[in-house]
Amino acid sequence: AVSGIVWPTIQGGLDALAHGISTSGAIGQFVYGTLNRALIPVGLHHVLNSFFWFGMGSCQEVLVSGATAAGQALPALQQLCVDPALAKTLVAGQTHTFEFANSVTPEITATVKEVTETVKSGDLHRFFGGDKSAGVFMNGFFPVMMFGLPGAALAMYLAAPVEKRSQVGGALFSVAFCSFLTGITEPLEFMFVFLAPALYAIHAVFTGLSLVVANMLGTLHGFTFSAGLIDYLLNYGLAT
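Residue 4 is where the sequence shown starts when you use the working numbering, and the numbers rise one by one after that.
Hints were generated in silico from the structure; no laboratory data involved.
Fair warning: this is a prediction, and the values are worked out from it, not measured in the lab.
Heads up, some of the hints might be wrong.
The calculated label-pair distances, taken between Cβ atoms and stated as ranges, are [stated by the list, open to error]: (1) G240 / P190: 23 to 31 Å; (2) P190 / L236: 17 to 25 Å; (3) G240 / S53: 20 to 28 Å.
Note that beta-carbon positions come from the ideal geometry of N, C-alpha and C, so glycine has one too.
Given these sequences and hints, build the entire structure.
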């Protein structure tokens with residue numbers, strides 16, 4: 004009974020926080036990236052992720068053909084995910100110029116084959132649905148998980164006394180390679196989060212900055228599992 008009274012207030016606060024972050028541009032991206040890593044030790048990053056990856060924003064899938072962008076043909080592009088309000092105005096056979104909030108393919112011209120009834124919600128689902136403005140809250144994790152954390156592992160190895168490096172090298176290599184290949188970072192992060200919390204705080208801030216810089220560069224990428232090499236390669240064809 005108490006939960007039924009208290010939880011709606013908490014839920015409302017979380018919704019307001021997520022909405023505020025998602026609509027705050029670079030500041031919101033920085034806050035999200037920093038909080039994502041800061042909440043890892045207590046596992047609450049999953050709650051935060053659910054709002055952005057599965058809840059915020061929506062688009063409707065449209066099947067297209069003959070897509071072009073900046074005069075370049077995009078033969079592999081067969082599906083876009085657009086604003087549901089726009090989708091209602093489209094008809095099969097119509098040629099339309101779709102506008103997206105990214106600096107690489109801001110306009111895509113294509114012929115509509117079919118307007119589906121499928122609606123995707125959240126940054127992750129929108130990305131895989133064909134929304135070329137999605138990936139904002141995923142893209143910046145790739146540099147951190149594939150290069151930043153393995154670099155931290157190398158720094159730990161070099162900081163160890165020479166006579167101890169053979170003992171720690173194997174463990175550090177395995178967790179660094181795990182982060183690089185799969186995007187599973189907890190084994191490496193938990194090696195220093197409690198021993199060097201200040202260093203972990205810097206890591207969280209750098210993650211926030213990575214999201215900002217990645218989006219400033221106009222690149223958008225996504226993942227189904229995490230930001231490792233496997234997802235990077237598998238989903239590269241959908242990236243912007």
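For each hint, the structure was consulted:
A C-beta distance of roughly 30 Å is found between G240 and P190, which places it inside the suggested range of 23 to 31 Å. Under the hint 17 to 25 Å, the C-beta atoms of P190 and L236, about 22 Å apart, fit the expected range. At roughly 26 Å, the beta carbons of G240 and S53 sit within the given window of 20 to 28 Å.
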